[in-house]
Amino acid sequence: MTSSVIWNWEYAVAVFPIIFQAMWVTLSATVLGFMLALILGLAWALARRSTFKPLAWTVAGIVEFIRSTPLLVQLFFLYMAFPQIPYIGVTLDAFTAGVIGLGVHYSTYLSEIYRSGIESIPKGQWEASTALNFSKVQTWTKVILPQAIPPVLPMFGNYLIVMFKETPLLAAITVVEMLQVSLIIGSQSFRYIEPITIVGLLFLLLSYPSALLVRRLEQKMKNRYASGNKKVTREEVTL
Amino acid sequence: MPCFNHKLEQDVIAILSTDAWILLLQGVSVTVQLLVYSAIFAFIIAFVAGFGRLSKYGIVRGITITYVEFFRGTSLLVQLFWFFYVLPFFGLELPALMVGVMALAMNYGAYASEIVRSSVLAIPKEQTEAAIALNMTYWQRMRRVILPQAIKIMLPGFGNISIELLKGTALVVLIGVNDVTYMVKQILIPSGAGTQYEMYLLLLVIYFILALPLILTARWLERRASLGGYSR
Chain A
1 MTSSVIWNWE YAVAVFPIIF QAMWVTLSAT VLGFMLALIL GLAWALARRS
51 TFKPLAWTVA GIVEFIRSTP LLVQLFFLYM AFPQIPYIGV TLDAFTAGVI
101 GLGVHYSTYL SEIYRSGIES IPKGQWEAST ALNFSKVQTW TKVILPQAIP
151 PVLPMFGNYL IVMFKETPLL AAITVVEMLQ VSLIIGSQSF RYIEPITIVG
201 LLFLLLSYPS ALLVRRLEQK MKNRYASGNK KVTREEVTL
Chain B
1 MPCFNHKLEQ DVIAILSTDA WILLLQGVSV TVQLLVYSAI FAFIIAFVAG
51 FGRLSKYGIV RGITITYVEF FRGTSLLVQL FWFFYVLPFF GLELPALMVG
101 VMALAMNYGA YASEIVRSSV LAIPKEQTEA AIALNMTYWQ RMRRVILPQA
151 IKIMLPGFGN ISIELLKGTA LVVLIGVNDV TYMVKQILIP SGAGTQYEMY
201 LLLLVIYFIL ALPLILTARW LERRASLGGY SR
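These protein sequence lines are chains A and B, in that order. Final position of the first sequence in the UniProt record's numbering is 239; the numbers increase by one with none missing. Final position of the second sequence in the UniProt record's numbering is 232; the numbers increase by one with none missing.
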């Protein structure tokens with residue numbers, strides 16, 4: 001292979017199937033991590049509204065800490081350092097550590113979205129539930145959450161895409177996903193240009209149409225639920 | 001300190017008393033440099049691309065939309081590796097630090113350009129019309145009427161982007177820039193300074209401390225923006 005050719009089609013066609021296969025690892029890490037983030041995010045959001053103030057403040061501190069520190073370092077921590085912690089440390093395989101890392105990191109973002117949805121519910125709804133003698137669980141499950149979550153669903157879509165674009169970080173803890181595969185191929189043949197470009201294009205191909213879809217959905221939701229007073233702090237730039 | 005176990009206490013003292021401390025500070029300074037340089041470039045790019053998308057020339061709009069969507073659609077890490085491995089191929093052998101700054105600035109610049117664009121669009125149309133009625137040129141209108149109001153809206157968004165940018169700087173360790181993550185992961189842990197989990201916790205705390213002024217500034221700006229003016 002001479003290096004005078006900038007883009008070698010034969011090589012690109014040869015490596016494409018291998019990278020494409022690794023896409024399933026990327027996608028499954030994204031989906032699993034996102035499911036974890038959805039559940040954990042709701043838990044954070046509910047805990048932050050707890051009337052037991054020390055719990056609310058502790059959770060707020062944890063969320064702020066996780067959100068302000070790099071995911072990459074958190075992944076290193078989970079994969080390499082966590083097993084060494086006395087009593088609670090467990091050895092995780094790379095994929096599990098990656099999924100937990102992604103899930104926990106993005107749960108803090110999602111909790112802000114849950115919070116914005118919950119805070120957009122008018123006070124009258126709470127008062128009405130009290131008047132109807134609903135229990136706390138009933139109020140949350142029958143009145144608040146069914147109204148709070150649908151309007152913010154497109155924002156969850158945004159974060160699903162953001163998270164998808166962060167999964168290459170798992171390569172740093174040796175998960176054999178798309179980027180890792182392309183780097184391995186590159187190191188064997190000394191040609192990085194094609195594999196890495198293919199990875200970039202695959203990301204673009206998957207994330208851009210989904211971003212367009214989410215944007216449209218968001219516009220639709222905005223028209224349907226045009227009640228203001230939503231408050232999102234430190235929100236990601238809309239895709 | 002009763003909550004610390006004895007070994008941890010020893011480790012912390014060992015770290016404080018050796019060169020490890022100096023190495024950490026060197027790493028922090030590289031991280032801060034990365035943050036400052038890439039933030040400056042990112043915000044320049046944001047303004048250029050943000051106004052590019054509002055241009056009346058279709059070709060300018062086309063180029064900037066392609067740039068913005070391309071950099072937002074692919075992953076930052078992939079872009080970083082792409083710059084790192086592909087640029088030398090074109091005869092552009094840059095130091096890793098510069099590659100890092102370039103990738104970070106271009107990626108976050110694309111995100112920040114959306115903030116610029118949406119802030120300019122958030123200024124009511126009447127303001128533009130009034131400026132035209134006053135016979136102002138395009139530049140006068142921007143400089144005296146639109147931008148002073150739009151920048152107020154942009155600032156909280158820029159605050160958030162800089163926090164994201166700080167977190168993004170950790171990625172450059174993967175192309176071998178000796179930032180604070182590199183110092184801990186590649187140098188301090190192999191040399192046996194402290195055990196791994198304590199060092200990684202310390203690293204997370206360092207990032208949080210670096211982010212604190214940004215967090216507080218962003219929050220202050222958000223509060224100020226929501227008090228008055230056009231805050232959407």
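Some clues are possibly wrong.
As the list claims (entries may be wrong) - Stretches of chain A that chain B covers, calculated by requiring three or more beta carbons in the stretch to come under 8 Å of a beta carbon on chain B: (1) 167-176; (2) 182-194.
Unchecked claim - A short list of chain A residues far from chain B (calculated; beta carbon distances all over 10 Å): (3) V13; (4) M23; (5) L32; (6) L46; (7) E64; (8) T69; (9) Q84; (10) L92; (11) S135; (12) V137; (13) G157; (14) G200; (15) R216.
What the hints assert, rightly or not - In silico DSSO-like links for lysine-lysine, alpha-carbon gap of 27 Å or less: (16) B:K125 x A:K222; (17) B:K152 x B:K56; (18) B:K56 x B:K125; (19) A:K123 x A:K222; (20) A:K222 x B:K152; (21) B:K152 x A:K123; (22) A:K220 x A:K142; (23) B:K125 x B:K152; (24) A:K142 x A:K123.
Derived by calculation from the structure, the hints in this document are not laboratory data. We put the CB at the ideal spot given by N, CA and C, even for glycine.
Checked hints:
1. Counting residues of the segment 167-176 of chain A whose C-beta lies closer than 8 Å to any C-beta of chain B gives 5; at least three are required, and the coverage claim holds.
2. Figure legend: the segment 182-194 of chain A, annotated as covered by chain B; annotation consistent (4 residues with Cβ-Cβ distances under 8 Å, at least 3 required).
3. Here V13 of chain A stays apart from chain B, with its beta-carbon at least about 19 Å from theirs, past the 10 Å limit.
4. Every beta carbon of chain B lies more than 10 Å from that of M23 of chain A, the smallest distance being close to 13 Å; the non-interface claim holds.
5. Distance check for L32 of chain A against chain B: the nearest CB is about 18 Å away, which clears 10 Å, and the non-interface claim stands.
6. L46 of chain A, annotated as away from the interface, keeps every beta carbon of chain B farther than 10 Å; the closest lies near 23 Å.
7. E64 of chain A, annotated as away from the interface, has a beta carbon of chain B within 10 Å; the closest lies near 7 Å.
8. A beta-carbon of chain B is positioned within 10 Å of the beta-carbon of T69 of chain A; the least distance is around 4 Å.
9. Not every beta carbon of chain B lies more than 10 Å from that of Q84 of chain A, the smallest distance being close to 5 Å; the non-interface claim is violated.
10. For L92 of chain A, the shortest C-beta to C-beta distance to chain B comes to about 13 Å, beyond the 10 Å cut-off, and the non-interface label holds.
11. No Cβ of chain B comes within 10 Å of the Cβ of S135 of chain A; the nearest lies about 34 Å off, and the non-interface call holds.
12. Residue-level check passed: V137 of chain A sits 33 Å from the nearest beta carbon of chain B, beyond 10 Å.
13. Here G157 of chain A stays apart from chain B, with its beta-carbon at least about 15 Å from theirs, past the 10 Å limit.
14. Against the 10 Å criterion, G200 of chain A falls within the reach of chain B, whose nearest CB is about 4 Å from its own CB.
15. No Cβ of chain B approaches the Cβ of R216 of chain A within 10 Å, the least distance being about 15 Å, so the stated non-interface status holds.
16. Proposed proximity of K125 of chain B and K222 of chain A is supported: the alpha carbons are some 21 Å apart, at most 27 Å.
17. The hinted pair formed by K152 of chain B and K56 of chain B meets the criterion: a straight-line CA distance of about 24 Å does not exceed 27 Å.
18. Distance check on the hinted pair: K56 of chain B and K125 of chain B sit about 16 Å apart at the alpha-carbon level, within 27 Å; holds.
19. The hinted pair formed by K123 of chain A and K222 of chain A meets the criterion: a straight-line CA distance of about 21 Å does not exceed 27 Å.
20. Taken as a hint, the K222 of chain A and K152 of chain B pair is honoured in the structure, with Cα atoms around 24 Å apart against an allowance of 27 Å.
21. Annotation: proposed proximity of K152 of chain B to K123 of chain A is violated, straight-line Cα distance about 31 Å (limit 27 Å).
22. Simply put, K220 of chain A and K142 of chain A have alpha-carbon atoms about 24 Å apart, close enough for the 27 Å limit, and the pair holds.
23. Straight-line distance between C-alpha atoms of K125 of chain B and K152 of chain B comes to about 17 Å, which keeps the hinted pair within the 27 Å bound.
24. Proximity of K142 of chain A to K123 of chain A is assessed by CA-CA distance (about 15 Å); at most 27 Å being required, the pair is judged to hold.
Comparing the model with each earlier hint shows violations of hints 7, 8, 9, 14, 21; every other hint is respected.
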